[in-house]
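Asks: What follows is the residue order along each chain.
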Amino acid sequence: MTPDIQRRICIAPAVSSKIKEDTVTLLLPNPRSGYPARYAIQDGLLLEIQKVDPEGTRSWFIHEAVQSDGSLFLMTPIDPVFMFIPILEIMRQQTSESQGRFITLDSLFDSDQYTSLRHLAHLNHVEKHLDLVCEVRDSGMKTYRLDDDKVMAWLKKKVEHLVAKFSTSTALVESVSYTESLPEECRQEAITLASLRLVCAYLNETWASKLSADYKFPELDKMENRTQAPLVTVAEFSKRTASMELDDDLVTAAPKEIKKPKLTPGQRKLANASKAGMKPISSFFAPKKTE
Amino acid sequence: MLEARLQTAALLKKILEAVKELITDANFDCSDNGIALQAMDNSHVALVAMLLRQEGFEPYRCDRTLALGVNLVSLSKVLRSAGNEDIVTLKADSSNDTLSLTFENPDNDRISEYELKLMDIDSEHLGIPDTTYDAVVSMSSAEFARICRDLQVLSDSVQIDVTKEGIKFAAKGELGNGAVTLKQAANVDKEDESTVIELNRNCSLNFSLKYLNNFTKATPLSSRVTLSMSSEVPLLVEYKMETGYIRYYLAPKIGDDV
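So the sequence lines, in the order shown, correspond to chains A and B. Here the first sequence stands for residues 1 to 291, where the numbers follow the numbering used here. Here the second sequence stands for residues 1 to 258, where the numbers follow the numbering used here.
Incorrect hints may have been included.
Heads up, simulated DSSO-like pairs for lysine-lysine below, C-alpha to C-alpha not over 30 angstroms straight-line [unchecked claim]: (1) B/Lys172 with A/Lys150; (2) B/Lys210 with A/Lys275; (3) B/Lys190 with B/Lys77; (4) B/Lys240 with A/Lys288; (5) A/Lys269 with B/Lys91; (6) A/Lys269 with B/Lys172; (7) B/Lys91 with A/Lys262; (8) B/Lys77 with A/Lys279; (9) A/Lys275 with B/Lys91.
Honestly, the hints are just simulated from the structure, not real lab data.
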């Protein structure tokens, strides 16, 4: 790290000493909002970056130095399939008549808008990931097309997986604490709902509503005053991603200049004049009352 | 509604030169008496009061009092485009926030018109009481300007002593001392250069030379200047014009740290 480069405090998976390649950060469309957001690839693993921004109220001490930017970056692994779904959906160009086209791995990640997409082709087990949600044709060269049924099955599996591992995350358990005094069915439904929401946070609205339609929460629906952890809205999300983008350019609003009247040379001279022993003129002449 | 016609732009130019180095913005208070201005400098130790009586204009019309807030640097810039001999007409309206200036060249048919944006200035008017000063010295304005300029090289402040013999300006500084004394003499031949002292009591006061030098910017307005002093009250430096005056008031330096 050279002093010219701004340092950042980041929590990320440990980098094994074997790998030579540096961590690459990319600008990719967020799968939920479609807005650009920051991701990273480290050792063939896709990571999403979250920025905790104290909005200028915190700084970091790094060894002997102080860094004014007090934000904390979190890099956590993300299943690349979440990224693939919206890309595949766009690329298959489905219409009412046609099921859409099959495309190769290379052309899938070829985009003028997001040149970083090509990095996704080099992720670990990318073909295996694509197999999970695509219809694959192999005629010497593998081609892929998004398969809606496969996507739904995969998404449901994701939800199941989360439900199974639910108790391992304190944050998740706390999010359903409102069900503690409720019957067990209710609690199970709350856990499923929370898991579903978590998965939906990585899906665009079409897929999210499609997935949610397959789940029913009869017990929870009975409770009139159930407290819901609100989902992050797209608007909020874009705000968050926007702030992530800005951090590179360090766009800060220029503080409003305090307008100082320009002084003529004579006035400047007087400003420097010693006024020792001089009382303000208003101490000699009283202000006139305005009629 | 104000309409005031001034025979020569030179007068207005000189007035601006005399105040713009002391104050930044000021209200020109127009009434049926004429146009007046009163403002303190940024440090509030000096005050300038200017009056142009309505007799100085031909014609002069001002049916209701009007305060025209002017940035003096802007006004002096606009006045730079007027010839010294141009006839100036000032026009302003309470409904408008501009001051209109028309410059007419009497020799050819050139007419230039300018509009200057006005501003709202909150200014407090100080009531200046009529004072009987201990000493009133009338002298050549050029002489006063020269003394202030000469003593400035020695010190930032000057001690002025007035006795019935004359007026003495003295400065003490790191590089040395200096003093200029003008004897009272009614020089009949050169009335403009004579020094006339009206004295009730001897007085000795200290003033900032930088401020006094600033006041001498008004020298072109009058060949005479009057210094009026009493102990522990502001010095009055007055330049009289044919139809008005510019008065500067300056707080004296009092105490040991002079």
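Asks: Please go over all the hints and tell whether each is borne out by the structure.
Replies: Cross-check of the supplied hints:
no.	hint	result
1	B/Lys172 with A/Lys150	violated, 98 angstroms
2	B/Lys210 with A/Lys275	holds, 10 angstroms
3	B/Lys190 with B/Lys77	violated, 37 angstroms
4	B/Lys240 with A/Lys288	holds, 24 angstroms
5	A/Lys269 with B/Lys91	violated, 34 angstroms
6	A/Lys269 with B/Lys172	holds, 20 angstroms
7	B/Lys91 with A/Lys262	holds, 26 angstroms
8	B/Lys77 with A/Lys279	violated, 33 angstroms
9	A/Lys275 with B/Lys91	violated, 39 angstroms
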